[in-house]
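When you get a sec, could you build the whole thing from the sequences and use the hints?
First to last, the sequence lines map onto chains A and B.
Here the first sequence stands for residues 1 to 256, where the numbers follow my numbering.
Here the second sequence stands for residues 1 to 334, where the numbers follow my numbering.
Honestly, the hints are just simulated from the structure, not real lab data.
Please note: incorrect hints may appear among the correct ones.
[Unchecked claim] Short derived list, chain B residues pointing at chain A, Cβ under 10 angstroms: (1) N82; (2) S224; (3) G270.
Using N, Cα and C, we set each Cβ at its ideal position, and we do this for glycine too.
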Amino acid sequence: MSALAAKNVTVRLGVREVVHDASLALNPGELVALVGPNGAGKTTLMRALAGLIPADGAIALDGKPMQSLKARERARAIAYLPQGHVFHWPMSVASIVMLGRAPHADTFSGVTPDDRAAVVRALKITETEAFADRAVTTLSGGERARVALARALATQAGVLLADEPTAALDPRHQLTVMALLRQAAHAGGAVLAIMHDLTLAARFADRVAVMDRGAIVADAAPSEAMSHDRLAAVFGIESATVEIDNKRVPIAGRAL
Amino acid sequence: MERRGFPIALALAALIVALAILSLAVGPAGLSPRAALAGLFSGEGPAGIIVRDIRLPRTLLAALIGATLGLSGAALQGLLRNPLAEPALFGAPQAAAAAAALVIAFGFAPVTSFAVPVAAILGATLSIAALVAVAGRRASLTVTLLAGLALASFAGAATALILNLAPNPFIALEIAFWLLGSLEDRSRDHLVIAAPFMLASWIVLATQARAFRALTLGEDAAASLGVDVARTRMLVVVGVALGVGAAVAVAGAVGFVGLVAPHLVRRASGSDPARLVLPSALAGAALVLAADIAVRLGPSAVEIKLGVVTALIGVPIFLSMIFRERRLLEEGAS
Numbered sequence: 001m002s003a004l005a006a007k008n009v010t011v012r013l014g015v016r017e018v019v020h021d022a023s024l025a026l027n028p029g030e031l032v033a034l035v036g037p038n039g040a041g042k043t044t045l046m047r048a049l050a051g052l053i054p055a056d057g058a059i060a061l062d063g064k065p066m067q068s069l070k071a072r073e074r075a076r077a078i079a080y081l082p083q084g085h086v087f088h089w090p091m092s093v094a095s096i097v098m099l100g101r102a103p104h105a106d107t108f109s110g111v112t113p114d115d116r117a118a119v120v121r122a123l124k125i126t127e128t129e130a131f132a133d134r135a136v137t138t139l140s141g142g143e144r145a146r147v148a149l150a151r152a153l154a155t156q157a158g159v160l161l162a163d164e165p166t167a168a169l170d171p172r173h174q175l176t177v178m179a180l181l182r183q184a185a186h187a188g189g190a191v192l193a194i195m196h197d198l199t200l201a202a203r204f205a206d207r208v209a210v211m212d213r214g215a216i217v218a219d220a221a222p223s224e225a226m227s228h229d230r231l232a233a234v235f236g237i238e239s240a241t242v243e244i245d246n247k248r249v250p251i252a253g254r255a256l
Numbered sequence: 001m002e003r004r005g006f007p008i009a010l011a012l013a014a015l016i017v018a019l020a021i022l023s024l025a026v027g028p029a030g031l032s033p034r035a036a037l038a039g040l041f042s043g044e045g046p047a048g049i050i051v052r053d054i055r056l057p058r059t060l061l062a063a064l065i066g067a068t069l070g071l072s073g074a075a076l077q078g079l080l081r082n083p084l085a086e087p088a089l090f091g092a093p094q095a096a097a098a099a100a101a102l103v104i105a106f107g108f109a110p111v112t113s114f115a116v117p118v119a120a121i122l123g124a125t126l127s128i129a130a131l132v133a134v135a136g137r138r139a140s141l142t143v144t145l146l147a148g149l150a151l152a153s154f155a156g157a158a159t160a161l162i163l164n165l166a167p168n169p170f171i172a173l174e175i176a177f178w179l180l181g182s183l184e185d186r187s188r189d190h191l192v193i194a195a196p197f198m199l200a201s202w203i204v205l206a207t208q209a210r211a212f213r214a215l216t217l218g219e220d221a222a223a224s225l226g227v228d229v230a231r232t233r234m235l236v237v238v239g240v241a242l243g244v245g246a247a248v249a250v251a252g253a254v255g256f257v258g259l260v261a262p263h264l265v266r267r268a269s270g271s272d273p274a275r276l277v278l279p280s281a282l283a284g285a286a287l288v289l290a291a292d293i294a295v296r297l298g299p300s301a302v303e304i305k306l307g308v309v310t311a312l313i314g315v316p317i318f319l320s321m322i323f324r325e326r327r328l329l330e331e332g333a334s
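As structure tokens, then:
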């Protein structure tokens, strides 16, 4: 059974239909990349999948309809990493990551050993433990992105939805973040990541869903979903293919 | 690490007790703190009457109003995620004052009836609800401050209109002085009227502390962590309106406590908007107690109004904060 399954989902923002009849299933053990041009509706679809905005159609979490879940149940099951990595207050990195445990806390419970262990682990695997005590607002963009990811990982949810997790990262940390997402998936999680870097998507994702003007136009293995012709049709680019680690990976050539 | 907020809370509580004793001792009839305490506990003799009937209500009101304003500031800052949020900047006390002035000026109710705080609370609710609606989901600093400025100006104009149309000059003068904010001659009746609303506001706002912490990640991330952001917004509007409305109904407009109190304890609370809530309330109580002692110590024959003192302290702090946050403000404008 899929961890998170969306069937014929349509989302309207105001009068505009931003997502049209989209179906997408996320399975445990799988890292799925969601790619598409700016304005294709990727973020809106992800927010609907996270249960943050109302949507027509059916979204099921472990087979149960999303609407039947309490907010906290949903929060324990789905971790959502929005784009931009916003931190409004200069809180310490450790307390930011601890926020990922909020869905597990009861009104009167303090920090449990489980919470502490999850935070330590998240800090460690995102290589952010060195600045655990620093104010998050003093960090560089790339460091903030990793803290934001650590916060989402600390929830230890079965489903992780990450909106452009590699934006603002240098090449090395792009690779480490993608490896982390893949590791989270292969440890049994269902991971969906919105990506603009098609090369990274092809290298790391088990499956790629391509979105164009509100609809999912392809959902397949990376080389099939991001074929030369489809990239031309959806992104308006001519692409070349190179081989890395025995994988055929697209590289944007020139705008058509 | 989670409990770092407690030492500061303890220190502030001790400061409040010291200030409260001082507040019982200060006044036209000079009492030593020891005599004031003796009067408070025995209730006998002139000292007993002065302390129990005159100074105790005033002292308690100062502490309650200060705590309410400090808590309201911390809550609004937590909700809107910026350190310049404060009830007075958003027109809440001004709107409360306008509504209360309307009730008083046109004789719908005597000053000590429940109608005054109820009107003040309704006024504050309207203004804060309008602010949150106008500021919208992103609640950018510039939009929020401009909307607050507009609402404060509108409430000010409404009050001016009421003064303008007041049936007689004595009522107009009374309202004008009351608007400056003061705890002079406040009695047990005022305490009884305002305290329930303020306690309700504390309970409502304190329940949202964890939501404020999650909101540091923005509204979407907070919602994904299980926070019902719309409910939090609603409860903060209601909580601030209850507290500020009741405070204004009793003491008039006492501004800038909601700005200054959280600012003073932010660093000691690790900038955590949840851990900030209790110390902000305590710092607000200490501030208003201290200001209300200061107005009584002044050399002038006429007591300086409490609201004047808090504004004189608050505005320079506000300006210095804007100076330091300039970069943030300019980003917000883009």
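Against the structure, the hints come out as follows:
1. N82: holds (7 angstroms)
2. S224: Hint holds; S224 (chain B) Cβ to chain A Cβ min 4 angstroms, cut 10 angstroms.
3. G270: holds (6 angstroms)
Checked against the numbered hints given earlier, the structure satisfies every one of them.
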